[in-house]
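K.L.:
Quick note, the sequences are listed as chains A and B, same order.
My numbering applies: residue -15 is where the first sequence begins, and numbers increase by one.
My numbering applies: residue 101 is where the second sequence begins, and numbers increase by one.
Keep in mind that the hints were calculated from the coordinates and are not lab data.
This one's a predicted model, so the numbers in the text were calculated from it and none came from an experiment.
Worth double-checking, as some hints may not be accurate.
Pair ranges (Cβ atoms, derived) [claimed, not checked]:
1. A:GLN484 / B:LEU175: 56 to 66 Å
2. A:GLU(-6) / B:PHE155: 54 to 64 Å
3. B:ARG228 / A:VAL374: 10 to 20 Å
Listed next, the in silico SDA-like pairs over lysine to any residue satisfying Cα-Cα at most 20 Å (straight line) [to be verified]:
4. B:LYS112 / A:THR377
5. A:LYS214 / B:PRO183
6. B:LYS230 / A:THR377
7. B:LYS112 / B:ILE177
8. A:LYS417 / B:LYS230
9. A:LYS417 / B:GLU182
10. A:LYS417 / A:GLY186
11. B:LYS112 / A:ARG376
12. A:LYS417 / B:VAL123
13. A:LYS417 / B:LEU180
14. A:LYS417 / B:ARG111
15. A:LYS417 / B:PRO183
16. B:LYS230 / A:ARG376
C-beta: ideal position from N, C-alpha, C; glycine also.
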Amino acid sequence: MEFSIEIFAEQFARTFSYWWVILPSILLGLIVGAIPGFSAANTIIILLPLTLAMDPETGLVFMVALYASSRLGAGIPAILVNIPGTAGAAATPLDGYPMTQQGRGQQALTISFTSSVLGGLLTTIIALLAMPWLSQVAYYLHSVEMIVIMIFGISLIASIAARDTLKGLIAGFLGLMIGYIGADVIYETPRGTMGFLELYDGVPLIPALVGLFAISEAFSVIEGDSILTKLGREAMQTGGWGATIEGLRETLSRWWHVVWTAMIGLVIGVVPGAGAAIAAFVAYQQSRAFSKTPEKYGTGHIEGLIAPESANNGVTSGTLIPLLVIGVPGGATAAIMAVVLQYHGVTVGPELFATRPELGYGPFTTMAVTYILMIFTILPLARYMSRVTVVRTVFMAPIIISFTLVGAFVPREYVFDMYLALVFGVIGYVARKTGYHVAAILIGVILGPLLEQYFLRAMRISQGDVLVVFSSTIGNILWVALVVSLCVPAFTAWRRRAAQERTPAAQ
Amino acid sequence: MTDSQQEHGRRKPIGGELIIPAVAVVFSIYYLWTIVDVPFTAQASALFVGTILIFLCLALFVRTALALRRGEVSLGIGGLIEPTSFVPRRLVLLGLTVAYIFVVPWLGFTLTTFLFLALAMAVLNGGRSKGFIAALSAVLAIGGWLLFVVAFETRFPAGPFEMLMQRMF
Chain A
-15 MEFSIEIFAE QFARTFSYWW VILPSILLGL IVGAIPGFSA ANTIIILLPL TLAMDPETGL
45 VFMVALYASS RLGAGIPAIL VNIPGTAGAA ATPLDGYPMT QQGRGQQALT ISFTSSVLGG
105 LLTTIIALLA MPWLSQVAYY LHSVEMIVIM IFGISLIASI AARDTLKGLI AGFLGLMIGY
165 IGADVIYETP RGTMGFLELY DGVPLIPALV GLFAISEAFS VIEGDSILTK LGREAMQTGG
225 WGATIEGLRE TLSRWWHVVW TAMIGLVIGV VPGAGAAIAA FVAYQQSRAF SKTPEKYGTG
285 HIEGLIAPES ANNGVTSGTL IPLLVIGVPG GATAAIMAVV LQYHGVTVGP ELFATRPELG
345 YGPFTTMAVT YILMIFTILP LARYMSRVTV VRTVFMAPII ISFTLVGAFV PREYVFDMYL
405 ALVFGVIGYV ARKTGYHVAA ILIGVILGPL LEQYFLRAMR ISQGDVLVVF SSTIGNILWV
465 ALVVSLCVPA FTAWRRRAAQ ERTPAAQ
Chain B
101 MTDSQQEHGR RKPIGGELII PAVAVVFSIY YLWTIVDVPF TAQASALFVG TILIFLCLAL
161 FVRTALALRR GEVSLGIGGL IEPTSFVPRR LVLLGLTVAY IFVVPWLGFT LTTFLFLALA
221 MAVLNGGRSK GFIAALSAVL AIGGWLLFVV AFETRFPAGP FEMLMQRMF
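Full structure from sequences and hints, please.
P.N.:
In structure tokens form, the structure reads like this:
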């Protein structure tokens, strides 16, 4: 896999010539990313006849541009109305939505767009340069290491729901149990399905996402005339281009924060199955753990918005590395890309970079070009998009319910899934009102099937020895990292309390 | 108001906070019951997670019991339903949502969405601006049909409107 500047420059020029494919794909990606139930993977599947009719290079450009822009689009409703477009944006509202409530929606959107573009662009270039080494990460992670990574993800919930760690853990582990619903993969025994055949394949993610975030939010927002606070309404009266420029300046002044949180996304993206949701929460938690002002997180803190947005865009390029280098897709969209390439008789692997560099390097240069074009097309829109927050809740709540409920119907076309979304909506409403984090439940539902799959595999390899989870050196290092990661915030809080107690005593 | 009533009013009502853990315990026990007969390797993961979940819920129950004993909290559910003035609207919205899901397979996406939006907005807005709400609902329902069904070719539930449009175009 030789890399040279000539190939890179030639590939970039070649990709720019596909601007007529990239620009419409950006627009489509932003729309489908912003609507729960319409992920990039679903859209590529719906448009598969079109994609297969294109030559492989055009098809790949279309899919990659759609993929990158939908990731950015998912953050828009997360910031404006507290409803992530996809699970990858589930950490975005933690600080993005409070900013909107304070009338800083335009600034929050600008920060989200800029950190997404910078994070995505940077990780794409790094992925291109470090591909031979990064692709090896997947080789070192087996079922035992993956179990630790999954539990790492759940443990973050305790940190995220810092006001009450116990409630955070209950929400996360309840999510895991819900994620375990369905027939087990080896013995096909139905478990926890309550007799519903529709649950034999497990709990579908989109109805869970729609219910926990959208339906529960709709039932909550009707308590006020607007989602904005009084100060927020006043701030929206004086809206202009200043907030966009301020958001841009705030992000650029925190460039190092964008860089290291995007790198978290890139590394996690390389791990098959880990995904953008874990990356966003890991980045958020790490950002808070190393912050000098952790108490500001969750109140509309800029760094709390930058971290998940740059990380989930860092994942985008990461998921393509195992696909192109070793033929293992890093996520659902990458898996569909593999199917399309196979349909055209293209074999992925190291030889692809030598025989057809336009397909080997092409996805990364396409991603870079998409991010460059995206910043010029979307940034001016932040001012107008943020106006959605002034819509009265009496109109907004029914719109959210009707359009997201049918979004829950789309993936499997079961009416049952709409009822399921409503059940999750009730759970989400109770959780919101009583201090349990809905994002914690959702992360549990996402990780449940994955954790069980790796657990089953490890148990079968070890012939039922549960201590297998401590049998790997990398796994044990990760266990220690997990403990440290849980202890650092507690230790920092203890030191701060001790310092505060000392200060009045000294006076 | 008696002293004991005033005392009760000052306590933080946390009865609603026990709903999620209670559901979690009941569901975990039910789930573990459904895997009694499967081999241990297939049970281990759920046993691990289910046991931790039950333990965490018990810890919360004990913490609540201790706070009750100290007189800091009450078992009221005020935190869950407050502000109570919105309870009727919320229940109507919930009823309309159930009706939406029930009716959409027959009436289709466009008509059901129009009816749901018009009724829900009218109820939430206290019956004011009926003309505006009807027009807005129609624009949104038809806009949704154009975007999802026509442009994205999504297979939403089809009803009389979708079938008529399909025959016409």
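K.L.:
Evaluate each hint against the coordinates.
P.N.:
Each hint, compared with the structure:
| no. | hint | result |
| --- | --- | --- |
| 1 | A:GLN484 / B:LEU175: 56 to 66 Å | violated (34 Å) |
| 2 | A:GLU(-6) / B:PHE155: 54 to 64 Å | holds (60 Å) |
| 3 | B:ARG228 / A:VAL374: 10 to 20 Å | holds (19 Å) |
| 4 | B:LYS112 / A:THR377 | violated (29 Å) |
| 5 | A:LYS214 / B:PRO183 | holds (18 Å) |
| 6 | B:LYS230 / A:THR377 | holds (16 Å) |
| 7 | B:LYS112 / B:ILE177 | holds (10 Å) |
| 8 | A:LYS417 / B:LYS230 | violated (32 Å) |
| 9 | A:LYS417 / B:GLU182 | holds (9 Å) |
| 10 | A:LYS417 / A:GLY186 | violated (27 Å) |
| 11 | B:LYS112 / A:ARG376 | violated (31 Å) |
| 12 | A:LYS417 / B:VAL123 | holds (15 Å) |
| 13 | A:LYS417 / B:LEU180 | holds (5 Å) |
| 14 | A:LYS417 / B:ARG111 | holds (17 Å) |
| 15 | A:LYS417 / B:PRO183 | holds (11 Å) |
| 16 | B:LYS230 / A:ARG376 | holds (15 Å) |
The structure is inconsistent with the numbered hints 1, 4, 8, 10, 11, although it conforms to all the rest.
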